[in-house]
Amino acid sequence: MNQTVSTPAFSTPVRSIRIAVLAMGGEGGGVLANWLIDMARANGHTAQMTSVPGVAQRTGATIYYIEMFPVSRIGAGQKPVLALMPVPGDVDIVLASELMEAGRAIQRGFVTPDRTSLIASSHRVFSMTERVAMADGRVDEQALLTACRAAASRFISFDMMRMAEQSGSVISAVMFGALAGVGLLPFNREAFEQTIREGGVGVQASLRAFASGFAAASGELIVPPPEPDAPAKPDPALALQQAARESFPAATLEIITAGLAQCVDWQDIDYARLYLERLQPFARFDKTSGDPQHRVLLEVARQLALAMTYEDTIRVADLKIRAGRFERVAQEVALKDGQILEIREYLHPRLQEIVETLPAFLGKFIVSTGWLKALIERMTSEGKTVETTSIRGFVMLYLVAGLKRWRRSNLRYAHEGRTIQHWLDLVLDTAQRDPALAVEMAELRGLVKGYGDTHARGTDHFNRICAVLPRLEGPQASESVQALRKAANADESGAALSALLARYDA
Amino acid sequence: MAERSFKEEVKSLRLGAGQEFHGEGILAITKALLESGVSYVGGYQGAPISHLMDVLADAEDVLESLGVHFESSASEATAAAMLAASVNYPLRGAVTFKSTVGTNVASDALANLASGGVTGGALIIVGEDYGEGSSIMQERSHAFAMKSQIWLMDPRPNLPKIVDCVRKGFELSEASNTPVMLEVRIRTCHVTGQFTASNNIRPGFTLKDALDNPVRDTNRIVLPPASYLHEKEKLEVRWPAATRFIREHQLNEFFDGDLADIGIVMQGGMYNTTLRALELAGLADPFGNSRVPLYVLNVTYPLVDEEFLAFTQGKKAILIVEEGAPDYIEQSVSTLLRRHDIQTKIHGKDLLPMGGEYTGLVLKAGVGAFIRTYHPALVAPAPLNSGDNRLKSALAALDGQVHGRPPSFCTGCPERPIFTAMKLVERELGTHHVACDIGCHLFSILPPFNIGATTMGYGLGGASASAFNIKGENKASKRAISIMGDGGFWHNGLLSSVGNAVFNKSDNVMIIVDNGYSAATGGQDILSSHHKHDTRSTQNSIEKAVRGVGVEWVKTLTRTYDLKAMMRTLKEALTSTEPGPKVIVAQSECMLNKQRRERPLVNKAIQDGKRVVRDKFGVDPDTCTGDHSCIRLSGCPSLTLAPNPNPLRREPVTKVINSCVGCGHCGEVSHAAVLCPSFYKASVINNPDNKDTFKQRWRQRVIGLLQRRHARRLALTAAGQAS
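If you're matching them up, the sequences are chains A and B in order. Everything in the first sequence is counted per the working numbering, starting at 411 for the first residue and increasing by one. Everything in the second sequence is counted per the working numbering, starting at 19 for the first residue and increasing by one.
Just so you know, not all the hints are guaranteed correct.
[To be verified] Label pairs and their calculated CB-CB ranges:
1) B:Ser495 <-> A:Tyr914: 47 to 57 Å
2) B:Arg554 <-> A:Thr869: 37 to 47 Å
3) A:Ala905 <-> B:Arg554: 46 to 56 Å
4) A:Gln762 <-> B:Thr595: 28 to 38 Å
5) B:Met155 <-> A:Asp901: 22 to 32 Å
6) B:Ser495 <-> A:Ser791: 25 to 35 Å
7) B:Gly374 <-> A:Ala740: 46 to 56 Å
8) A:Ala740 <-> B:Arg554: 42 to 52 Å
[As the list claims (entries may be wrong)] Listing some non-contacts, in silico: residues in chain B with all C-beta distances to chain A over 10 Å:
9) Val209
10) Leu354
11) Glu607
12) Lys634
13) Glu669
Just so you know, these hints were derived from the structure itself, not from any lab. For glycine and all other residues, C-beta sits at the position ideal for the given N, C-alpha and C.
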């Protein structure tokens, strides 16, 4: 992945070594910069560092700029004049603590193909824009990597954050190790390590982090790409899988198997069977349409599984009380022997959710009994904190999860069944005329998700878009639905959606 | 207790003659003050000179041993007024603040100080917050120097020069009876370097001498007729004395070069970048030897006519490198040369941009253009970079993929819930006009909160809403809300915002964020800091102060994280029928400082085997649906994204990372906004006691049993397969 420069850029006659460090608040960028100048000074160089901290230390990005000059090249009475900021096209080494920051360094001109070695951690610290998106607002990581490879004369990148966490240190120590491992500076490993030792703070952890960064950058260690979080293992009824294999194309089996697994986990084997039955008409459509990508079937299979396994109180309780979940939380807090873990859930069940979860006759009774309804409403006006690790809290959730047995007879189940069927009919009907539109309409169902206010908002958006569907016939229909779906995800207030919908309100 | 401790660094303030000093620019300036025999120092924190205040606060024992009085001033105006001690007595004093915002606040005192003039050297160290990373309006301190006739120094950004300018600054001040401003830019404040130290000097004439033997001179007081005399004196006596001193002591520097028909004049602060531009053009070596003659203005006001006349002699053209607008130096030089009928052409803002920071790139282009005009053979047009296509493709790939990272509230910040509450109340009562102040709370104007319409200055939050105060028939259905931090409150807000609202019978709502520190400037202590302080008076209540100026409706909330209470109080304030301003004091300690204070203590307690409970929040990835409402209502940096473990879902889930400090805000949000049941609080009990262990054993037994039963039941429903 790396391309080596024929001559190190700074071996040209008398020129300072120019290094820019891009880091975010709290990542130890200042420590790294100080290590660099301390090391340079201890090893025959004069060095200068400066930075613009300001408000950047409050979660913003900071650039530290370092210049080093070999004392042996300084004549009597001379003093090198070192710059206070990097000049685009003139930086030898750029260290970036994160991938988007590496991108920023390129945009600012600090990384150029003729000169700059770029050492960047491959992990992401998501920006506010990415984090507040209502669906997936993440930028294209591959584009960032492509840009880094193109812009740098040499690009060294691996997940330095993970290494830092593994060594119980901060990322700056791994970056320092990577810099040493690449061998770009005229200092040996011992000089780097001595600098850390003399710093005197968290020396052992820093040295461990340094060593792993060194190994990865020098090629001693091949860093495996991070493993994706293991998906829930598809383990549904074998017979059903068999049935699926017979009536669905191979390319759709991965999604369908996952859908089956989720239905089994959510209710039982019969429910998974219902999932397959509901999909059958789409399998038939798929066969007749001959779409090599099976787009309608795939999207319906995905959305149907999600729609059928809607998040009700039973589901939440069921997931919260599992032993595997307790283990996951323990792992997340790195629970050690001798420590005790207590887990408290932030729940806010409201009248509607309670009524929907109970068997229908009970639910209806509550809604029609004024005083009981008022009582429950009052009791649920505030959120509840339930300690799942206490016997009382656990038993409560355990009992709620047990309502699964009567789920098929509750109000929500009936309601969801109706809306799902209605949506499936609509998609199938549309598919005969306009498959592209059918795909969009299938995906539209994804707007309905979550709990409480989020669920209400998504449902409202879904219904409003469905209402204008009859007016969207024509070749642009699928694009229009896509635009409407994106508008629904653009902001919480629904302003963008309303603006777009206004066009279709005759 | 400031954000950064300089206890280690201040040791170098004790260095004696001949010893080598290593450190940051700010620390070097402090050392230079002590070497100059300063008697008193004051100032107000703010980037980039916050660290100067922090260094001084941490150096109190050194200062005391030299008999130097140091004060954390209430405001920049207070600091500037402190220099009055040098009017009648031969006392050297220095004050420091962020500029131009601080200089704006200080200008009343500065104008009076400059009018009467000084006997002892008076130095004003301004941290010029201009250009990249600046948090304020882009203006120049130069204008203040000119309008009040205060001399302005702008030293070359290396430690020996800066230290020399501090010493010379006092002498210049005394030689011309004029206060001197020393301007240091952000990068200069933080630049590292070394210089050879001298001994610290105890002032010969002390504050005690002055107090025991008071002196007055009505001619130094700004009152007619003395004030007319001052103006005359400024122009006829002090100005010539200053230019004479600058010339005799060679404060400005000339560097020869063989291209004698051209030359570059620059502010001292621009020297290193200009030289790098010349080096990159092949016209200078790394040691400052330039082929183009250079004239470096370490004093940018007043200009020395004789020096300019000498430098321009025989030159076809000069380039003036002057950062910021307007181009005061260029204008003065133009007048000077015109008056002397000198035909040297003046370049400056024609080749360089009118505004913006003069970065390496800017100067490379500007200096290149200047040289090409007069010596076209010397500078080749920008060479085609061999990697241009690669760079182009990289930039194309990055299009739209790099987002800004504006500053935001820290993890666990107690101000976050205030704005979440405002957001949630907004859903019920509609949007309101919100006037902001200066301080961390101003981050509310950015995503995810998007709250706030204006910011008019420190402590002016309430004042900037004062027009929205209509009574009688024209009364609106909503009130204006203003927000102010405790820093702003004590700086100016108590009178300008609160007092003003009381006097004018305003009906508006004022939120005062009481986090215990002047947090945005680096966590310095203030009057209402919640903890005891050895050398300052803290723990003075904001509520008492507010009641003291006549506010009747005041509610203090002692825990901002209580979202429900926050919302309730806010609604009450917005709907109360009681007349007069409604003030909410929202208290909770700045998390950044709290963590710094508590984390070592907690770690030690755990090591010592004490029972310690630590909280961290988490999100269950299998119940999170990837809507991210929680992030939009909080924005906490520890709330981030992770890939969705569910293969059917595409949206990333929310994830709480290890930086979480367990403030509990995300849990409160999911309660208040009825979000989702994914949030949980994981409490880890370190060194559990017997009671804990006993309870845990029982819990594990019962819960384990039920969990196994639950798992069996799940397996059974799935095992329908077999039947």
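Hint check:
| no. | hint | result |
| --- | --- | --- |
| 1 | B:Ser495 <-> A:Tyr914: 47 to 57 Å | 34 Å, violated |
| 2 | B:Arg554 <-> A:Thr869: 37 to 47 Å | 57 Å, violated |
| 3 | A:Ala905 <-> B:Arg554: 46 to 56 Å | 49 Å, holds |
| 4 | A:Gln762 <-> B:Thr595: 28 to 38 Å | 35 Å, holds |
| 5 | B:Met155 <-> A:Asp901: 22 to 32 Å | 31 Å, holds |
| 6 | B:Ser495 <-> A:Ser791: 25 to 35 Å | 27 Å, holds |
| 7 | B:Gly374 <-> A:Ala740: 46 to 56 Å | 53 Å, holds |
| 8 | A:Ala740 <-> B:Arg554: 42 to 52 Å | 46 Å, holds |
| 9 | Val209 | 4 Å, violated |
| 10 | Leu354 | 29 Å, holds |
| 11 | Glu607 | 16 Å, holds |
| 12 | Lys634 | 5 Å, violated |
| 13 | Glu669 | 5 Å, violated |
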